[in-house]
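Chain order of the listed sequences is A and B. Quick note on numbering: our numbering labels position 92 of the first sequence as 92, and the sequence is numbered without any gaps. Quick note on numbering: our numbering labels position 6 of the second sequence as 6, and the sequence is numbered without any gaps.
Do not take every clue at face value.
[As the list claims (entries may be wrong)] Dumping the calculated DSS-like pairs for lysine-lysine here, alpha-carbon to alpha-carbon at most 27 angstroms: (1) B:41 to A:70; (2) A:56 to B:64; (3) B:14 to A:42; (4) A:42 to B:66; (5) B:20 to B:55; (6) A:70 to B:14; (7) B:41 to B:14.
The set of hints was computed from the structure by calculation and includes no laboratory data.
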Amino acid sequence: QKEVEQDPGPLSVPEGAIVSLNCTYSNSAFQYFMWYRQYSRKGPELLMYTYSSGNKEDGRFTAQVDKSSKYISLFIRDSQPSDSATYLCAMTLYSGGGADGLTFGKGTHLIIQP
Amino acid sequence: GAVVSQHPSWVICKSGTSVKIECRSLDFQATTMFWYRQFPKQSLMLMATSNEGSKATYEQGVEKDKFLINHASLTLSTLTVTSAHPEDSSFYICSAHAAGQGRNTQYFGPGTRLTVL
Numbered sequence: 001q002k003e004v005e006q007d008p009g010p011l012s013v014p015e016g017a018i019v020s021l022n023c024t025y026s027n028s029a030f031q032y033f034m035w036y037r038q039y040s041r042k043g044p045e046l047l048m049y050t051y052s053s054g055n056k057e058d059g060r061f062t063a064q065v066d067k068s069s070k071y072i073s074l075f076i077r078d079s080q081p082s083d084s085a086t087y088l089c090a091m092t093l094y095s096g097g098g099a100d101g102l103t104f105g106k107g108t109h110l111i112i113q114p
Numbered sequence: 001g002a003v004v005s006q007h008p009s010w011v012i013c014k015s016g017t018s019v020k021i022e023c024r025s026l027d028f029q030a031t032t033m034f035w036y037r038q039f040p041k042q043s044l045m046l047m048a049t050s051n052e053g054s055k056a057t058y059e060q061g062v063e064k065d066k067f068l069i070n071h072a073s074l075t076l077s078t079l080t081v082t083s084a085h086p087e088d089s090s091f092y093i094c095s096a097h098a099a100g101q102g103r104n105t106q107y108f109g110p111g112t113r114l115t116v117l
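Based on the sequences and whatever the hints tell you, model everything.
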C-alpha cells in the first residue's frame, strides 16, 4: 500500500462546476497537509496548507482534513478553464526540527471544459 | 516574491557522464532545500534534504555517492548526478524553505528534465 493514494484522473468537468479532489493516506503520523497545483513543465505551486483536522477556506478553494478517516479533500467552487492543471496532495510529519520533506500523491489531472 | 529557479531546465547527456543541476532562491534565504525526483505518471519522491553548511540527509534507497548535493550558501544548492545511466532519466525538482516562514512552506523550482542516452 502506497503512503498516499490519489486518483490520477483525468477528471473533466464543465466550467462553473464544483470540483472535488481527494487523497487518502496510511500513515497516521502525518500532521501537515497541503495541496499544490502544477501546470505542465512547471514546478508545484502551493494552494492550501492545513494543520491537523478541520476545514480551511481561501477564495474559491476549501481544504478539508479528516484525520480519523485519513482522508483529505480540496474543493474548487465556480471552476474556471484556468484551473485546468494537475493537483497534488502532499503531507508531512512533525519532526520537531526545521522544515520537513513532503510525501506527495501522484496528482489528479483536472480539465475544466469551457 | 519567493521565486526558485533551476538550471538547466532540460539536459541530455551520454551514459557515464556527470550532470550538475543548480537550484537558487532568488529573493529569499533558504535554510533548507529539498531535492525531489518524478518519474512519468509517478509521485514526486523526496530524494534528500539539504541544510546550508551541513551534509545532506538522503532518503532510503537514494545513493549519496551517486547524487551529490552541495548547499554552500543560503541561496544555492546543487545536485550532481554522477556517472549517469538511462535509469536516472527523470524530472528533478528542488524546493526551498524560507527562513522565518511557516515550517512547511516550501517553494518549488520549475524542474530539470534529465535524459540520459
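Verification of the hints:
1. B:41 to A:70: Answer holds: residue 41 of chain B to residue 70 of chain A is near 23 angstroms, not above 27 angstroms.
2. A:56 to B:64: violated (39 angstroms)
3. B:14 to A:42: Holds, at roughly 25 angstroms.
4. A:42 to B:66: holds (25 angstroms)
5. B:20 to B:55: Roughly 17 angstroms separates the two Cα atoms, so the pair holds.
6. A:70 to B:14: Judged against 27 angstroms, a Cα distance of about 44 angstroms means the pair is violated.
7. B:41 to B:14: Satisfied, since the Cα-Cα distance of roughly 24 angstroms is no more than 27 angstroms.
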